[in-house]
Amino acid sequence: GAVVSQHPSWVICKSGTSVKIECRSLDFQATTMFWYRQFPKQSLMLMATSNEGSKATYEQGVEKDKFLINHASLTLSTLTVTSAHPEDSSFYICSARVPGLAINTKNIQYFGAGTRLSVL
Amino acid sequence: LAKTTQPISMDSYEGQEVNITCSHNNIATNDYITWYQQFPSQGPRFIIQGYKTKVTNEVASLFIPADRKSSTLSLPRVSLSDTAVYYCLVVPLIGAGSYQLTFGKGTKLSVIP
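Quick mapping for you: the protein sequence lines, in order, are chains A and B. Here the first sequence stands for residues 10 to 129, where the numbers follow the working numbering. Here the second sequence stands for residues 53 to 165, where the numbers follow the working numbering.
Simulated from the structure, these hints should not be mistaken for lab results. As the structure is a computational prediction, the values presented were derived from the model and not from experiment. Ideal Cβ placement from N, Cα and C applies to all residues, glycine included. Some clues are possibly wrong.
[Stated by the list, open to error] Using 20 Å as the maximum straight-line C-alpha spacing, the simulated SDA-like pairs for lysine to any residue come out as follows:
#	chain 1	residue 1	chain 2	residue 2
1	A	Lys115	B	Glu69
2	B	Lys121	B	Asn82
3	B	Lys55	A	Ala122
4	A	Lys115	B	Tyr103
5	A	Lys50	B	Ser61
6	A	Lys50	B	Gln94
7	A	Lys50	B	Thr57
8	A	Lys73	A	His94
9	B	Lys157	A	Gln51
10	B	Lys55	A	Ser52
11	A	Lys29	B	Ser93
12	B	Lys104	A	Ile117
13	A	Lys29	A	Thr84
14	B	Lys106	A	Thr114
15	A	Lys115	B	Thr57
16	B	Lys160	A	Thr84
17	B	Lys160	B	Ser75
18	A	Lys29	A	Glu72
19	B	Lys160	A	Ala122
20	B	Lys55	A	Leu55
21	B	Lys121	B	Gln94
22	A	Lys115	B	Ser75
23	B	Lys157	B	Lys106
24	A	Lys50	B	Ser122
25	A	Lys29	A	Val128
26	B	Lys55	B	Phe115
[As the list claims (entries may be wrong)] Residues of chain A clear of chain B, computed beta-carbon distances all greater than 12 Å:
#	residue
27	Gly62
28	Thr87
29	Pro95
30	Ile102
With the hints as extra help, turn the sequences into a complete structure.
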């Protein structure tokens with residue numbers, strides 16, 4: 010099956026610093042990747058849809074200047090949390106769809122293992 | 053997007069069959085029903101997807117009645133490693149919100165030895 014790799018798996022940073030999270034599709038080219046955030050004991054919330062070669066589409070309430078998304082290649086999307094604060098501490102998860110599949114499987118998303126961000 | 057409702061939690065003993073039912077009364081013609089599994093501190097994993105009737109794979113079965121207003125995920129003979137949160141999603145394949153996954157609260161399944 011399709012494999013999505015996310016790095017790092019865990020990061021601790023000081024308040025005010027920036028953190029970059031990478032999401033790679035290892036065995037397929039992903040024109041579209043997704044970024045989610047999950048707080049403890051809560052469900053996943055979609056933050057943005059990342060399209061290769063174009064600007065990301067952010068969900069309502071997500072600050073695009075704070076959560077910078079870059080999808081410069083067909084196998085890599087990055088999420089940078091700028092000037093992180095303790096309230097940004099969360100579990101960040103990326104996913105990707107495999108293009109070119111039959112219509113009844115196009116929506117299946119393959120998820121990375123997630124990145125636990127702790128801002129001190 | 054169609055909203056889903058599923059039990060918050062379920063307990064089951066090892067070796068039993070577990071059925072998790074999800075309601076999606078406002079499901080649209082273009083919507084597929086998809087289930088994901090999530091272990092703690094991991095990303096979700098696709099389990100099964102269907103449009104109508106019954107779908108079976110090596111992991112689970114999915115039963116969808118004719119009116120498609122609900123669906124039931126069936127896990128045969130669960131083991132402790134099946135303890136996880138199970139999410140039922142309704143995903144439009146065309147039109148607004150195509151391919152977007154909207155996660156609800158999910159069902160936390162606890163398998164007891």
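Now the hints, each set against the structure:
1. A:Lys115 <-> B:Glu69: violated (30 Å)
2. B:Lys121 <-> B:Asn82: holds (13 Å)
3. B:Lys55 <-> A:Ala122: violated (26 Å)
4. A:Lys115 <-> B:Tyr103: Cα-Cα ~13 Å, so holds.
5. A:Lys50 <-> B:Ser61: holds (12 Å)
6. A:Lys50 <-> B:Gln94: Holds, because 13 Å separates the two Cα atoms, which is no more than 20 Å.
7. A:Lys50 <-> B:Thr57: Distance ~17 Å between lysine 50 of chain A and threonine 57 of chain B Cα, so the pair holds.
8. A:Lys73 <-> A:His94: OK: lysine 73 of chain A and histidine 94 of chain A at ~16 Å, within 20 Å.
9. B:Lys157 <-> A:Gln51: holds (7 Å)
10. B:Lys55 <-> A:Ser52: The hint holds at about 14 Å.
11. A:Lys29 <-> B:Ser93: Holds. Lysine 29 of chain A to serine 93 of chain B sits at ~19 Å (cutoff 20 Å).
12. B:Lys104 <-> A:Ile117: Holds, because 17 Å separates the two Cα atoms, which is no more than 20 Å.
13. A:Lys29 <-> A:Thr84: Measuring from Cα to Cα gives roughly 16 Å; hence the hint holds.
14. B:Lys106 <-> A:Thr114: Within the cut-off at roughly 16 Å; holds.
15. A:Lys115 <-> B:Thr57: violated (24 Å)
16. B:Lys160 <-> A:Thr84: violated (33 Å)
17. B:Lys160 <-> B:Ser75: The hint holds at about 16 Å.
18. A:Lys29 <-> A:Glu72: holds (16 Å)
19. B:Lys160 <-> A:Ala122: Cα-Cα ~19 Å, so holds.
20. B:Lys55 <-> A:Leu55: holds (15 Å)
21. B:Lys121 <-> B:Gln94: violated (30 Å)
22. A:Lys115 <-> B:Ser75: violated (23 Å)
23. B:Lys157 <-> B:Lys106: violated (24 Å)
24. A:Lys50 <-> B:Ser122: Since the Cα atoms of lysine 50 of chain A and serine 122 of chain B sit roughly 25 Å apart, the hinted pair is violated (cutoff 20 Å).
25. A:Lys29 <-> A:Val128: Given that 20 Å is the threshold and the Cα spacing comes to 13 Å, the pair holds.
26. B:Lys55 <-> B:Phe115: holds (18 Å)
27. Gly62: holds (18 Å)
28. Thr87: Consistent with the label, threonine 87 of chain A stays out of reach of chain B, its closest Cβ about 17 Å off (over 12 Å).
29. Pro95: holds (19 Å)
30. Ile102: violated (5 Å)
Hint compliance for this structure: hints 1, 3, 15, 16, 21, 22, 23, 24 and 30 are not met, and every other hint is.
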